[in-house]
Amino acid sequence: MIELQNVSKTFTLHNQGAAVIEVLSDVNLSVEAGECVALTGASGAGKSTLMRMIYGNYMAQSGTICVGGTDLVSVEPRDIIRVRREVLGYVSQFLRVVPRVPTLDVVAEPLRAVGVSDAEAKARASELLSQLNIPENLWSLSPTTFSGGEQQRVNIARGFAHPYPAMLLDEPTASLDATNRAVVLGLIKSAKERGAAIVGIFHDEAARAEVCDREIDVTTFATGQAA
Amino acid sequence: MSDHALLSVQGITKYYGQHIGCADVSFDLYPGEVMGIVGESGSGKSTLLNCMAGHLAPDGGAVVFDTRVDGPKDTITMSEPERRMLSRTDWAFVHQHARDGLRMGVSAGGNVGERLMAVGARHYGDIRGQAIDWLDRVEIDADRVDDRPTTFSGGMQQRLQIARNLVTGPRLVFMDEPTGGLDVSVQARLLDLLRGLVRDMGLSAIIVTHDLAVVRLLADRLMVMKSGHVVENGLTDQVLDDPQHPYTQLLVSSVLQV
Chain A
854 MIELQNVSKT FTLHNQGAAV IEVLSDVNLS VEAGECVALT GASGAGKSTL MRMIYGNYMA
914 QSGTICVGGT DLVSVEPRDI IRVRREVLGY VSQFLRVVPR VPTLDVVAEP LRAVGVSDAE
974 AKARASELLS QLNIPENLWS LSPTTFSGGE QQRVNIARGF AHPYPAMLLD EPTASLDATN
1034 RAVVLGLIKS AKERGAAIVG IFHDEAARAE VCDREIDVTT FATGQAA
Chain B
317 MSDHALLSVQ GITKYYGQHI GCADVSFDLY PGEVMGIVGE SGSGKSTLLN CMAGHLAPDG
377 GAVVFDTRVD GPKDTITMSE PERRMLSRTD WAFVHQHARD GLRMGVSAGG NVGERLMAVG
437 ARHYGDIRGQ AIDWLDRVEI DADRVDDRPT TFSGGMQQRL QIARNLVTGP RLVFMDEPTG
497 GLDVSVQARL LDLLRGLVRD MGLSAIIVTH DLAVVRLLAD RLMVMKSGHV VENGLTDQVL
557 DDPQHPYTQL LVSSVLQV
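First to last, the sequence lines map onto chains A and B.
Residue numbering for the first sequence follows the numbering used here, starting at 854 and increasing by one per position.
Residue numbering for the second sequence follows the numbering used here, starting at 317 and increasing by one per position.
Do not take every clue at face value.
Ranges of calculated distance between the beta carbons of each label pair, as one might list FRET restraints [stated by the list, open to error]: (1) A:I874 / B:G518: 34 to 44 Å; (2) A:E1068 / B:V385: 52 to 62 Å; (3) B:G387 / A:G1002: 47 to 57 Å; (4) B:S469 / A:G921: 16 to 26 Å; (5) B:A437 / A:T863: 14 to 24 Å; (6) A:P1016 / B:Y331: 37 to 47 Å; (7) A:R949 / B:R384: 29 to 39 Å; (8) B:H413 / A:P955: 30 to 40 Å; (9) B:H439 / A:D971: 28 to 38 Å.
Read the hints as simulated data drawn from the structure, not as lab findings.
Just so it is clear, CB atoms sit at the ideal spot from N, CA and C, and this is done for glycine as well.
Chain A with its partners taken away, still in its complex shape:
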């Protein structure tokens, strides 16, 4: 489902003396449907960089990154957008939304984008928000004013609304209490059961052990000091 071949990444900082930072080279990685792979390595090893590359957010210098059969390195922006809408979900650590949009709409949006009716999308969004213990009286408010933990749960609800065949999870259990952590791990497990291929970064070792099938140490791809 997710297949990386000979991928490399360097950053060239033109305005800081044209410093060239080589982050990753010769990355080969394959994640099958129903499998969850954890990226590990010390801070700065390039875990987030690699994840952002799989999302098409960072550009690869060489190689191919195929998600559901589309090579994100060589296609047009609109193809990447289509892959993100239909195939590849991403739960980032930070919630980025238009201010003023109600939480329920924020969570329902990925479903609306693939053509699910408003009522059905909102029903699924409500289900996820209650599962993640976001009080119902907050659903009509914008998540921009919520606490960090609440924002993260809104982000998770949004990420799991549409049953993506491939998912990227960046620290999905960070800053969650035990109850909500268990809910999130449950969501990850059921995503795997329905056949989602997952790549995740988990600093929470117990969580990693519970949901991941394999670990990949990003340090083995590192070529130097990374941002």
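Position chain B relative to chain A; hints supplied.
Coordinates of chain B only, in the frame set by chain A:
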């Protein structure tokens, strides 16, 4: 999304005497796509927008639009009446200053209705009904329908301009700094409105702005211009988060973090 480009811009070049306005700009825009054009003042982004929208005659290049009746057609070489018809029906242009896009002496309802009449609507009740419906969509109270835009706030004028432009169901909207000059809370409201309209109506849009936060929220793709040339283009979040060109890196790193 269709595989047929809605708009194909080919080698658009405009000189102001010796000075370059924009040079050899080419890209394809597909149905449902929103493209942002950013760059500092004088980078040529507004020149390019005005060349594409038919407000300025370029010195070279073609702007091919996929018309409903005749298919792809170069709008630079088409006849003036044809181009006028296009700009009243399938095209819309949202100006930075609402007063440039509105008739300030005509009521709000009249401003919206005028565009409908231009495409042949004649039934007064229907026109008024549609005008009120559109005022509601852009969150202007129906009881302001007979008021002139001069009595509206800046944000309301901008929303009225959007209603006037979108009432005929265009397929392509050109926007020149649509949120410029509005205070932040009004901007957020306008952005939310635009996003909803783009999604629900399947609009394609080209947005010129210098506000990177606006393009991040609205645009699928981003084109960065400097001194009349396109220096970088690609997926919006990729260009903003992993800029490749020295100028884009400078632009992105110059934004103050709030």
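Checking each numbered hint in turn, tell me which of them this model violates, lowest number first. 4, 5, 6
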